[in-house]
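**Student:** Residue numbers (my numbering), protein chains in the order written: chain C, 210 to 602; chain W, 901 to 1060.
Where hints are given, some of them may not hold.
[Stated by the list, open to error] Label-pair ranges, simulated between beta-carbon atoms:
| id | chain 1 | residue 1 | chain 2 | residue 2 | range |
| --- | --- | --- | --- | --- | --- |
| 1 | C | Thr433 | W | Thr1055 | 23 to 33 Å |
| 2 | W | Thr984 | C | Pro387 | 22 to 32 Å |
| 3 | W | Thr984 | C | Lys227 | 53 to 63 Å |
| 4 | W | Thr984 | C | Ala283 | 52 to 62 Å |
| 5 | C | Phe503 | W | Thr1055 | 30 to 40 Å |
| 6 | C | Asp211 | W | Pro942 | 50 to 60 Å |
| 7 | C | Thr433 | W | Ser1050 | 18 to 28 Å |
| 8 | W | Thr984 | C | Ser453 | 43 to 53 Å |
| 9 | C | Glu451 | W | Gln955 | 47 to 57 Å |
| 10 | C | Arg576 | W | Asp971 | 33 to 43 Å |
| 11 | W | Asp971 | C | Arg274 | 38 to 48 Å |
| 12 | C | Glu465 | W | Thr1055 | 28 to 38 Å |
[Stated by the list, open to error] Stretches of chain C that chain W covers, calculated by requiring three or more beta carbons in the stretch to come under 8 Å of a beta carbon on chain W:
| id | stretch |
| --- | --- |
| 13 | 438-444 |
| 14 | 452-458 |
No lab work stands behind these hints: they were computed from the structure.
From the three backbone atoms N, C-alpha and C, an ideal C-beta is built for every residue, glycine too.
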Amino acid sequence: MDRRLIDAPQRPERYARKQGLDYFTTGENHDYLADEILLLEPREADAALAAGDTAYSLLRDTARRCLADPARLARLGTPAWCRPLLEWSVENAWDDFLFGRFDLAGGLEGLPPRILEFNADTCSLLAETGLLQPEVLRQNGVKKAAPNNLIAGLEARLREIGAVRKGTHGLFAHLGYPEDELTVGFLADRARAAGWKQVHTASLPEVTFDPDGGLVADPRPGKTVRYYYLTKFFPWDWIAHEESALWEMLEEMITEQYVRVLNPAWTMLLQSKALLAFAWQDHPGHPLLLPTAFDPADLPDPRRGYVRKPVFGRNGENLMVSLDGRRSDAARSGDYGEQPVVYQELAPFATDGGKLRYQLSTFVTPRASALCCRRQDGLILDDDAEFVSLGIR
Amino acid sequence: MRPTRPLLFLTVTAGLGLGLLRCSGESEPGQGVVTTVREVAPTEFRIADERPVDQISDSRVIVDRMSGDRDTFTLAEVKAIEQTEPDSSRVRRPFHSAGLGYWGFIMLNRMGRTPAASAYTNQAAYQRATGTAGSSLSRTSRARSGFGRSSGTSTRSFGG
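Isolated chain C (complex conformation) (with noise of 0.2 Å):
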């Protein structure tokens, strides 16, 4: 591994400063970006892109199999009540979907890539992914990049979607958290590239959501606008379980065509880690899938290890690992302690002669579009991983 990682000392300071972006290379971020560039091989490269595909077809195979089927939508921690908006999201808004990413273990190293899960509703990692990396490469003279067709993917869509109405009125939303407005603000400027005429970002406590006169936001005092799209980073998980006014409202509003959502609402089920379980029920011993149960007596063999996951968890908060099945070797606290669990058989991993753990992502436009890596040491990634940043040998 170490003979593939090249030395990264040119920082893309000003860079993200002139961006706004600096939010990812100072203060507590400072050594976000990692101070080396990964060399993938093409092969790999090839691979991950291809795991994106095919997951993402496979996954929605499943997610569809579990709609129709309410014992395993309830196993997805989805409220039964969701359920007929969720119908009418796989029946009306089907293609609409606009960005995931998958999560990979493995993909290095002659380790097969196996998908660990699918951000399906409010992935991260974009403006790194889509800004940084490039300007990490081009200062520190890496000529050939990664797959990255980020950008180029993104506003593809946004000008398919837009194309379906004249003058596009979008509405991007987030909760007010610095990065996640930092996401929101990235793919603001995806759709004003797109050609998409009025585009404003707002954060969802603005925002007048009205079942008789649609999604409408002040972009100025004194100026009342009503949007067809909502981007949303706020997960339809937390919608369906925190504010379940907004889901009833949400509903009745796109049902009867006056918002469109992005991602719709079906991408809670390919959110839900129990799709993972479903999926492996459906394809047991598909080489992209690790098997995963609802108990790990259900693995395999759960001496092998496994991890233990919230269906909703984010960040590695509440995940639990076992290397031999039987005690508990690593273990984050955090907000998802409530929800209910799936077990996903441990994957291997590629790791550097620190010690530090690679873990490849693939991002779908939906097709898959681009690449990014994110490393760290212990057994969990969470908020502390370092971004790697990808060229090719």
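Mind docking chain W on chain C? Use the hints.
**Tutor:** For chain W alone, kept in the frame of chain C given last:
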């Protein structure tokens, strides 16, 4: 505003525009109205708001399309469209589909007739139209904002 057949408007409206209103005798309305017609489903329009204005000549129909486009028509222009466009025409559909409520009442002078509730986007707009005509309707009575404010969410990322 959409530049739809401007010449046609001018010619037709000069003759017809106020003529219809004038021949209405004692029941001629003394007020105009600004009506907002909203596309609630593709090519299906309802009245979202009606706001009285002092002069009949200040009357307008604002057509709010799902695309976000907004067109404003004067009394004369609506008349021209009603007279010259076939029923099925895209331009005419907003007026046709919404029945035009109080606007139609002024235009056609049907004194004493209240518009149908089904012509409105919601009960509140209908009540405003049939009761004391209300103010601006950019947000209706069921509108809500402030979602996510109470959950103290700005301290954590929702990215995955």
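**Student:** Taking the numbered hints from earlier one at a time, note which ones the structure violates and give those numbers from smallest to largest.
**Tutor:** Structure breaks hint 2 only.
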